[in-house]
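> Generate the whole structure from the sequences, applying the supplied hints.
Going down the list, the protein sequences come from chains A and B. Each residue of the first sequence is one higher than the one before, starting from 1 at the first, in this note's numbering. Each residue of the second sequence is one higher than the one before, starting from 331 at the first, in this note's numbering.
If a hint is listed, it holds; no wrong ones were tucked in.
Derived BS3-like pairs (lysine-lysine); straight-line CA-CA distance at most 30 Å:
1) K610(B) <-> K303(A)
2) K252(A) <-> K212(A)
3) K418(B) <-> K582(B)
4) K280(A) <-> K633(B)
5) K610(B) <-> K280(A)
6) K610(B) <-> K635(B)
7) K280(A) <-> K88(A)
8) K303(A) <-> K280(A)
9) K305(A) <-> K610(B)
10) K252(A) <-> K88(A)
11) K635(B) <-> K280(A)
12) K610(B) <-> K633(B)
Just so you have them, the derived chain B footprint on chain A, three or more residues with Cβ under 8 Å:
13) 270-283
14) 316-323
Derived by calculation from the structure, the hints in this document are not laboratory data. Just so it is clear, CB atoms sit at the ideal spot from N, CA and C, and this is done for glycine as well.
There are 2 protein chains.
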Amino acid sequence: MTAPKTASPDIRSLAQQLRAGQRAALARAITLVESRRNDHQAAARDLVQALLPDTGSAVRVGITGSPGVGKSTTIDALGMFLIEQGHKVAVLAVDPSSARTGGSILGDKTRMARLAISDQAFIRPSPSSGTLGGVAAKTREAMLLCEAAGFDVVLVETVGIGQSETAVCDMTDFFLALMLPGAGDELQGIKKGLVELADMVAINKADGDNIKRANLAAADYRSALHILSPRSEHWHPPVETYSALTGAGLDKIWQRILEHRTAMTASGEFAGRRREQQVKWMWSMLESRMMARLRADASIRAKVKRMETDVADGRISPAVAAEQIAEMLR
Amino acid sequence: MTAPKTASPDIRSLAQQLRAGQRAALARAITLVESRRNDHQAAARDLVQALLPDTGSAVRVGITGSPGVGKSTTIDALGMFLIEQGHKVAVLAVDPSSARTGGSILGDKTRMARLAISDQAFIRPSPSSGTLGGVAAKTREAMLLCEAAGFDVVLVETVGIGQSETAVCDMTDFFLALMLPGAGDELQGIKKGLVELADMVAINKADGDNIKRANLAAADYRSALHILSPRSEHWHPPVETYSALTGAGLDKIWQRILEHRTAMTASGEFAGRRREQQVKWMWSMLESRMMARLRADASIRAKVKRMETDVADGRISPAVAAEQIAEMLR
Chain A
1 MTAPKTASPD
11 IRSLAQQLRA
21 GQRAALARAI
31 TLVESRRNDH
41 QAAARDLVQA
51 LLPDTGSAVR
61 VGITGSPGVG
71 KSTTIDALGM
81 FLIEQGHKVA
91 VLAVDPSSAR
101 TGGSILGDKT
111 RMARLAISDQ
121 AFIRPSPSSG
131 TLGGVAAKTR
141 EAMLLCEAAG
151 FDVVLVETVG
161 IGQSETAVCD
171 MTDFFLALML
181 PGAGDELQGI
191 KKGLVELADM
201 VAINKADGDN
211 IKRANLAAAD
221 YRSALHILSP
231 RSEHWHPPVE
241 TYSALTGAGL
251 DKIWQRILEH
261 RTAMTASGEF
271 AGRRREQQVK
281 WMWSMLESRM
291 MARLRADASI
301 RAKVKRMETD
311 VADGRISPAV
321 AAEQIAEMLR
Chain B
331 MTAPKTASPD
341 IRSLAQQLRA
351 GQRAALARAI
361 TLVESRRNDH
371 QAAARDLVQA
381 LLPDTGSAVR
391 VGITGSPGVG
401 KSTTIDALGM
411 FLIEQGHKVA
421 VLAVDPSSAR
431 TGGSILGDKT
441 RMARLAISDQ
451 AFIRPSPSSG
461 TLGGVAAKTR
471 EAMLLCEAAG
481 FDVVLVETVG
491 IGQSETAVCD
501 MTDFFLALML
511 PGAGDELQGI
521 KKGLVELADM
531 VAINKADGDN
541 IKRANLAAAD
551 YRSALHILSP
561 RSEHWHPPVE
571 TYSALTGAGL
581 DKIWQRILEH
591 RTAMTASGEF
601 AGRRREQQVK
611 WMWSMLESRM
621 MARLRADASI
631 RAKVKRMETD
641 VADGRISPAV
651 AAEQIAEMLR
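Structure representation (structure tokens):
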């Protein structure tokens with residue numbers, strides 16, 4: 001193995017400030033990770049490598065839910081609950097649509113009114129680097145930086161669409177799906193991706209007149225989850241109700257997250273999963289780098305585009321096209 | 331685009347014999363596709379490219395089911411039913427375990443007693459090339475060769491484990507999941523992968539005393555599938571019962587497959603999915619080629635292995651490791 005290069009003095013000092021928990025240093029470090037400039041990317045690699053021994057100890061929770069389910073208010077309430085328990089909470093987001101729309105699910109910090117002004121919380125909107133792979137890679141590294149800066153709970157929010165849920169699941173220890181009671185078809189949440197991913201389903205708005213409906217929805221989700229194979233034989237995804245408005249049930253949700261960690265640690269799945277995730281990140285970063293090589297040159301980019309069309313139209317076989325692209329990568 | 335090289339005289343004549351429907355030529359062509367020798371692989375690419383205009387018209391059906399469900403007898407019965415209707419039927423398999431065990435789910439042709447001796451059928455066991463990606467790539471190309479040789483139905487069998495179902499789904503138009511009635515937990519078939527993949531669930535052994543149990547199982551599967559989002563808004567996966575022993579219900583199964591094709595063609599999804607599959611094959615073949623480069627050299631192979639361990643153990647960041655591997659690929 002080639003030993004990683006020693007970091008520059010600038011990077012060493014940034015690492016030091018970050019380790020000391022300086023928020024400005026953390027923000028600057030994430031900006032470095034998100035930059036597309038080659039020199040910045042090299043510096044970011046050195047920085048993350050230097051901080052690696054200080055990472056890995058946070059509870060990493062992915063949170064998904066359709067728009068309107070109350071993700072922001074839930075994260076605000078859960079975050080404040082955790083801060084009251086003595087935790088430091090970082091909130092990140094994976095939202096590949098933010099590149100297109102210019103907005104981000106976390107763009108408006110006012111949606112997390114209490115967390116936004118707490119000095120025990122750090123909120124960072126989704127990077128807007130175009131592809132899901134790019135966004136996910138930058139969020140993973142931002143998560144490591146937050147851990148090195150002393151945040152011991154990392155909440156990663158995602159919109160409930162497409163592959164972004166898988167990406168967030170692949171970077172967290174626990175995947176929480178938020179639902180609403182009585183939204184017409186009770187079980188619309190049991191869709192393709194979610195079935196495989198959720199470690200817990202939590203039903204929001206269990207307050208006031210809604211408590212009964214929330215309990216009914218919980219029963220429906222419970223019986224639906226019952227017929228699906230769980231991801232681990234040591235954890236059957238529970239269904240809980242809570243209220244982001246009153247805070248009722250947040251303690252139960254956190255309790256379940258900790259129980260999951262205990263069960264996974266005991267069975268060895270916790271360490272195994274973290275190891276697998278890291279190796280998977282490595283291969284996906286390699287893939288991104290190779291794709292970047294294909295995109296870097298305009299004439300190669302055009303050739304690859306044309307080749308994709310020719311393959312789709314059935315003019316060139318996938319094997320011949322792959323061979324020609326492989327030659328370009330030499 | 332670089333124009334594909336013109337095929338050698340040998341390849342041209344093999345292509346001609348294959349187009350004429352000569353079984354020996356088809357068998358030889360698939361052997362060429364499966365060979366790991368570089369010159370064979372180059373010849374196979376030329377062959378598939380030359381035959382490309384003659385491919386694509388078959389009905390491609392993936393078939394999965396746990397061991398014991400009667401996959402072989404079902405394929406034997408369904409295949410003979412189709413041959414009686416005037417079709418020519420090719421049977422392929424994706425079984426990554428065959429490389430390890432030396433056996434193959436299709437290895438024993440006697441399990442398809444009638445198809446094995448029909449001159450309107452062609453049966454080929456799973457290639458045994460080690461990785462799922464390799465096995466799938468070779469089966470995809472074998473499928474194209476079968477189509478060029480005039481087989482208008484291709485059945486691709488897979489064992490109901492791991493990622494092989496996804497691989498088969500990615501190379502077929504219709505994915506059929508076979509189940510048994512009354513196997514303790516009726517709904518054990520509704521597991522992670524299947525939920526996303528099946529275009530139809532068919533319950534075998536609906537004969538004699540079992541008919542009632544088969545109908546009960548069908549009702550259970552129907553209500554379970556009802557709560558899951560279908561893959562297409564134009565197709566809700568039906569649940570049917572049949573008997574591979576008596577042949578009852580096979581006509582219904584084939585009818586559903588044709589209805590699916592009609593619905594998908596009308597909505598444009600059929601063409602779209604085929605195009606997507608082809609482009610996906612191209613990228614996955616490129617990935618295999620790049621991985622093969624990393625495996626070709628023993629010292630590089632050892633370095634990559636060590637790097638994976640270092641990343642898993644948290645000694646090197648995924649980004650640094652990816653950078654170093656990318657350098658090796660230059």
